[in-house]
Amino acid sequence: MSFVHEAAENHNALDDNRPLVIFYIGDFDPAGVLIDQSLEKELRLHLDPSIALDFRRIAINEHQINMYRLPTKPRKSSDKRSGQVKETVEAEAMPSKTLRKLLRWNVESLLPPNALHIAKIAEQSEREHILHMAKLLGGQ
1 MSFVHEAAEN HNALDDNRPL VIFYIGDFDP AGVLIDQSLE KELRLHLDPS IALDFRRIAI
61 NEHQINMYRL PTKPRKSSDK RSGQVKETVE AEAMPSKTLR KLLRWNVESL LPPNALHIAK
121 IAEQSEREHI LHMAKLLGGQ
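Sequential numbering from 1 applies to the sequence shown in this note's numbering.
Please keep in mind that the hints were generated in silico from the structure rather than gathered at the bench. Don't be surprised by glycine CBs; every beta carbon is placed ideally from N, CA and C. Among the clues, some could well be false.
The calculated lysine to aspartate or glutamate pairs, modelled on DMTMM-like cross-linking and capped at a C-alpha distance of 25 Å, are [what the hints assert, rightly or not]:
no. : residue 1 : residue 2
1   : K101      : E62
2   : K97       : D27
3   : K73       : E87
4   : K120      : E108
5   : K101      : D36
6   : K73       : E42
7   : K97       : E42
8   : K120      : E92
9   : K101      : D27
10  : K73       : D54
11  : K41       : D15
12  : K41       : D54
13  : K73       : E62
14  : K101      : E90
15  : K101      : E42
16  : K101      : E123
Per label pair, the in silico range of CB-to-CB distance [what the hints assert, rightly or not]:
no. : residue 1 : residue 2 : range
17  : N10       : L136      : 30 to 36 Å
18  : D16       : A122      : 30 to 36 Å
19  : M1        : K101      : 27 to 33 Å
20  : M133      : S50       : 28 to 34 Å
21  : Y24       : L111      : 33 to 39 Å
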C-alpha cells in the first residue's frame, strides 16, 4: 500500500487534473479479485479529489478464462474470501502476446481518433528526413 500512496502523491504533484487511468492485470483467485478493489480504494483515498480516477481490471476475468481456455486449478477450500471464485487462474497463464494485445488495445482506446495514423505518418517523414541528412553529410 505504500507504493499506492507514493504513486498517488507523485501524481498529485504533477499539477495535472486530467483523468488518471489505471490498467490492472491480476490473478483470478480469491485474493486477486480483491486486490484491485483494495488498490483502487487506496488510490482514491490519497489522490487529489479533483482528479477523476478510472481504474480498469483488464485481465484476468471469467470471460477471458473461458475465451482463451486458460488453465485453472481449484481454489483452496480454506480460503473464505470471494466465494464466487470456484477455480483460480494466474495472470501468467494468459499468453504474453495476448496480454500485450489487450494492453495495447486499452491504451489505444484512450487516444484521439487517427492519432496513431498521424503519428506513423510523422514518424515516416522524420525517418526520411534523417536518411536524407545522413546522405548529405556522408557525401562531404
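**Prompt:** Which numbered conditions among the earlier hints are violated in the structure presented, ordered from lowest to highest?
**Reply:** Failing hints, ascending: 6, 7, 8, 10, 15, 17, 18, 20, 21.
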